[in-house]
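Trainee: Sequence:
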Amino acid sequence: MKISIAIPTWESYGRGVEFVNDLFRTIEIQTFKDFEVCISDHSLNDDVMNEVKRFENKFKIVYEKNSKDRGNGPSNTNKAISMCSGDIIKVMFQDDFFYDDEALEKIYNELEFSDKFWLVNGSNHTKNNGNSFYWELYPQWNSDIINGKNTISSPSVLSAKKELFDQIKFDESLIMMMDCEFYFHAKKKFGDPIYYNDILVSNRVHSEQISSQYNESLNSGDKLKSEVRYCIGKHSK
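Residues in the sequence shown are numbered consecutively from 184, following the numbering used here.
Everything labelled a hint here was simulated from the structure, so no lab data went into it.
There may be inaccurate statements among the hints.
PhoX-like, lysine-lysine: derived pairs with alpha carbons at most 25 Å apart [to be verified]:
1) 352 / 185
2) 332 / 370
3) 310 / 344
4) 370 / 299
5) 370 / 408
6) 344 / 417
7) 372 / 420
Please put together the full structure from these sequences, using the hints given.
Mentor: The following block contains the structure:
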């Protein structure tokens, strides 16, 4: 298997099926066909599982209901990644989707024949309908990424060779810093990624997403500062 797409899923406040359907439809039309989809599902009910089954004859799917650390996004993401057998692993959050039907082909051609171990691609953003797009983000590094200044985007822009994911996991004690800390750790251990400036992925902006829920919670600023302090301490050792 050349590419695995790792997707952590959950009910997403009743919108899980909708999000999975949108994502799967953009996977189905990919020009690159040597891939599998690996899903770790934190859902309590079977709605996401039943939606996944509707696509089983479209492409290879590896599905597992995951009760471990339910509600912990990094843990569920790590589980999905651990299920992957591909040479390259593409992380996708269930509420995001592919913007380019050649996304997998472009990722494979860039990364497979490179001496670099990971790739981050350009992205845009969409509101709930997924029909209009705004805010194109082209990934770049900045010295404050460990302080939470994210100029790369969500983990849905991340692809890496399996060797990298064998050695680096998403830190399961983090929420908002899970992406920035991973990028910092990956660069520290494996060097710079490929900064691929085509828009391959759309990030969906909606009230049910983890970052929106987190930002609306009490003391979210203090929680973020606490996560930043933890990350700085972790990587100063």
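Trainee: Each hint: holds or not?
Mentor: Hint check:
For the given pair, residue 352 sits about 21 Å from residue 185 by alpha-carbon distance, which is consistent with the 25 Å threshold. Among the hinted pairs, residue 332 with residue 370 is consistent with the structure: their alpha-carbon atoms are about 15 Å apart, no more than 25 Å. A hinted pair counts as satisfied when its Cα atoms are at most 25 Å apart, and residue 310 with residue 344 does not qualify at roughly 31 Å. Only pairs whose Cα atoms come within 25 Å are accepted, and residue 370 paired with residue 299 is accepted, the gap being roughly 10 Å.
Proposed proximity of residue 370 and residue 408 is supported: the alpha carbons are some 22 Å apart, at most 25 Å. Distance hint between residue 344 and residue 417 is fulfilled; the C-alpha atoms sit about 24 Å from each other, no more than 25 Å. Straight-line distance between C-alpha atoms of residue 372 and residue 420 comes to about 14 Å, which keeps the hinted pair within the 25 Å bound.
This entry does not satisfy hint 3, going by the numbered hints stated previously; all others are met.
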